[in-house]
Amino acid sequence: MSKEREISMLTVEQRQLNLQFQKLEGEYIKEVEKVKALSQDYEEECQKRSNLQSELTNQLSENNKLKTKEKQLIQDLCNLQESKRSIEEELNKMKMIKSMDDLQMKELEDQLEAETYFSLPVQIPNLFARSIAEETIADLEKERTMHELELKDLISRHRTELSNKDVTISNLKDKENEFKKTIEHLTQEKRRVQCKVLSLQEELMNLRNQSANVDDQIQQLNKQIQQERLLKLQAVNKLAEIMNRKDNLDWKAGLSIPSKQNIKRHGWKKLYVVVSSRKIIFYNNEADKLNADPIIILNLNKLFHVSPVTQGDAIRAEVKDIPRIFQLPLCW
Numbered sequence: 001m002s003k004e005r006e007i008s009m010l011t012v013e014q015r016q017l018n019l020q021f022q023k024l025e026g027e028y029i030k031e032v033e034k035v036k037a038l039s040q041d042y043e044e045e046c047q048k049r050s051n052l053q054s055e056l057t058n059q060l061s062e063n064n065k066l067k068t069k070e071k072q073l074i075q076d077l078c079n080l081q082e083s084k085r086s087i088e089e090e091l092n093k094m095k096m097i098k099s100m101d102d103l104q105m106k107e108l109e110d111q112l113e114a115e116t117y118f119s120l121p122v123q124i125p126n127l128f129a130r131s132i133a134e135e136t137i138a139d140l141e142k143e144r145t146m147h148e149l150e151l152k153d154l155i156s157r158h159r160t161e162l163s164n165k166d167v168t169i170s171n172l173k174d175k176e177n178e179f180k181k182t183i184e185h186l187t188q189e190k191r192r193v194q195c196k197v198l199s200l201q202e203e204l205m206n207l208r209n210q211s212a213n214v215d216d217q218i219q220q221l222n223k224q225i226q227q228e229r230l231l232k233l234q235a236v237n238k239l240a241e242i243m244n245r246k247d248n249l250d251w252k253a254g255l256s257i258p259s260k261q262n263i264k265r266h267g268w269k270k271l272y273v274v275v276s277s278r279k280i281i282f283y284n285n286e287a288d289k290l291n292a293d294p295i296i297i298l299n300l301n302k303l304f305h306v307s308p309v310t311q312g313d314a315i316r317a318e319v320k321d322i323p324r325i326f327q328l329p330l331c332w
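Numbering of the sequence shown is given in the UniProt record's numbering, commencing with residue 1 and proceeding in unit increments.
No lab work stands behind these hints, which were simulated from the structure alone. From the three backbone atoms N, C-alpha and C, an ideal C-beta is built for every residue, glycine too. Please note: incorrect hints may appear among the correct ones.
Here are the in silico distance ranges between beta carbons for each label pair [stated by the list, open to error]:
(1) LEU52 / SER163: 19 to 25 Å
(2) LYS152 / ASN64: 20 to 26 Å
(3) LEU151 / THR187: 48 to 54 Å
(4) LEU19 / LEU300: 48 to 54 Å
(5) ASN222 / LYS34: 21 to 27 Å
(6) THR310 / ILE225: 35 to 41 Å
(7) ARG5 / VAL197: 53 to 59 Å
(8) ILE225 / LYS34: 44 to 50 Å
(9) LYS34 / SER163: 43 to 49 Å
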């Protein structure tokens, strides 16, 4: 019974372990899928970060080009300003010449009426030179104005481009920082999930080992039970064979019981005993046996066991009689 009970307990324990194993296996599969999803997200974030890094590199390269262009424009501006100064100096000279020409023209106009006929061949070249100077000054003024407008337009466009590039670079850096934080979070989450997966793998391994140990114990106990059942079956068959051979045979013998409580004083009383496979019948003598007049009949199915006695159990018996005395405990 104890073996069967132990096997039953081990079977229940094995079922619980199998349920726990299935539960852990389901959690393990979920965690593996989660790891795959996180790995895919991590790879996508890395790809985004790589693309963002490439875009940032391109923007920085473009910014460097714009800075180089800015330097070139500043140099051109310096050259234009130098050219402007030269033109202004030349313009001032022309203005001085014009002023002198105007003064001279005014002086000449006063004398024009009187000396027109005589001085006309001399004044014509001066008037022609003055006209050329005025046209040259107008052209220089126009060219200077165009250069200034062009320069202002270039500087304005360049500053706008630089401002837009700075905003773009700032946004890209913000996105890069966000991607870094996201990647760091995904990395930590991936590590945590990997640690949990390793823990689940260890638990699964332990459960497999425990289940294997329980299976081994159950197999060993089943073998022991089979052996015990076989031995019991052999013993029962042997006993049945012996009982079948002795069912029809009675064993007859003499038996001595104490006459009274004090054995030393009153001695032993001899009885005639007949022992069969199911009963023990006590007679006073063989004649009572023939007359079927027993004094007591004991059913063997109510017999617990037969045991010898000690000096303490039979204190009034002779020491030499102790080995021949036994007890028959019964269940009435």
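Let me make sure I understand: some of the numbered hints might not hold for this structure. Which ones are they, in numerical order? Violated: hints 5 and 7.
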